[in-house]
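Participant: One letter stands for each residue in the lines below.
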Amino acid sequence: MYLGRVIGRVVATHKLAGLKGVALQLVRPVDEHGESAGATVVACDTVGSGLGDLVHVCDGRESTYALPDPFVPVDATIVGHVEAFDYEGGSAGSAA
Amino acid sequence: MFIGRIVGTVVSTVRDPKVVELKLQIVQELDEHNVPREKYVVAADTVGAGHGDLVLFAQGSSARQTVVTDGRPIDAAIFAVIDSWDVDGEVVYQKEGLETLGYEPAEV
Amino acid sequence: MKIGRVIGTVVTPIQHPAYDGRRLLAVRPETPAGEADAGDRMFVAVDRAQAGIGDRVLLLAEGSSVRDVIGDAVAPIRCAVVGIIDEIERDGRVIWPASPAHASLD
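Protein chains in written order, with our numbering: chain U, 1186 to 1281; chain V, 523 to 630; chain A, 444 to 549.
Mixed in with the good hints there might be a few duds.
No farther apart than 27 Å at their CA atoms in a straight line, the calculated lysine-lysine pairs in the DSS-like style are these [claimed, not checked]:
1) V:LYS545 with V:LYS561
2) V:LYS561 with V:LYS540
3) U:LYS1205 with V:LYS545
4) U:LYS1205 with V:LYS617
5) V:LYS545 with V:LYS617
6) V:LYS617 with V:LYS540
Read the hints as simulated data drawn from the structure, not as lab findings. Just so we're clear, the structure is a prediction, and the values are computed from it rather than from any experiment.
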């Protein structure tokens, strides 16, 4: 699981039935300084996040358990909206 | 999941019986700016995508979470065909023909 | 399991119900000697060891074992801090902490 910043969204109407109505966001993994920490991923959204939000992403098979239909081929899901992230020497959040 | 473009298919006559009925596509990864990465993956197609389509694919054990890949030796699956995406509010990609249908991505 | 260091806490008021207010930590993987593991990204993990910022910890990442620890087989939770490290020994020598509470083996 990691932190990421929502940088955009993906629209796909032709997809598996189990994913109907599930929003797809583009998420850039970030480190504690807000710097990019890996390739941008597409993640399902379960918390209604928006552009610029700092979010908590669950990856791997576990990510499917957050979805209405868990029998879907999903390997990344936003499971939390980060309001505050306090670390040694600073803090960040969705408003940052 | 990552965005990718279907650049080809794999034909393999000698293969595990559990892979026989699957349509295997070669997918080249794209970054969020629609720039190809030198990374390719062979993925099972679960939605009937075609050559040149921009698709979403999942990797790992999640890829077996479909009716067609369940219990099969598959570690990547295509599960959606992309209509459009945007980054920082700017449209990066829009599938051809959607505009003429009066399609508004913001309403989907 | 990985060796890591807690570098922060994460607060997510809007979260999947399985998290149920569980404390979330930001953990940076490290080498046994305590250097940042350059090849690894920062993890977010559920705290199962009452760890605090600065603690060196055991990070359980990626696997159903985390869901066993949590006690929920279908929770969308993949990483957990399962212990606080007191001492690390390598080739018979205590390499961390630098001045251990008791004498090293040689």
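Participant: Taken at face value, is the distance from the CA of V:LYS617 to the CA of V:LYS545 at most 27 Å?
Facilitator: holds, 23 Å
Participant: Measure nothing beyond the straight line between the CA atoms of V:LYS545 and V:LYS561; if it is 27 Å or shorter, mark the hint as holding.
Facilitator: The hint holds at about 20 Å.
Participant: Does the alpha-carbon distance linking V:LYS561 and V:LYS540 stay inside the 27 Å limit?
Facilitator: Distance ~26 Å between V:LYS561 and V:LYS540 Cα, so the pair holds.
Participant: Do the alpha carbons of U:LYS1205 and V:LYS617 lie within 27 Å of each other, as the hint requires?
Facilitator: holds, 19 Å
Participant: Hinted pair, alpha-carbon criterion (27 Å max): U:LYS1205, V:LYS545. Please report holds or violated.
Facilitator: The given pair, whose Cα atoms are some 23 Å apart, holds under the 27 Å limit.
Participant: Does V:LYS540 lie within 27 Å of V:LYS617 when you go C-alpha to C-alpha?
Facilitator: violated, 34 Å
Hint 6 from the earlier list is the only one contradicted by this structure; the remaining hints agree with it.
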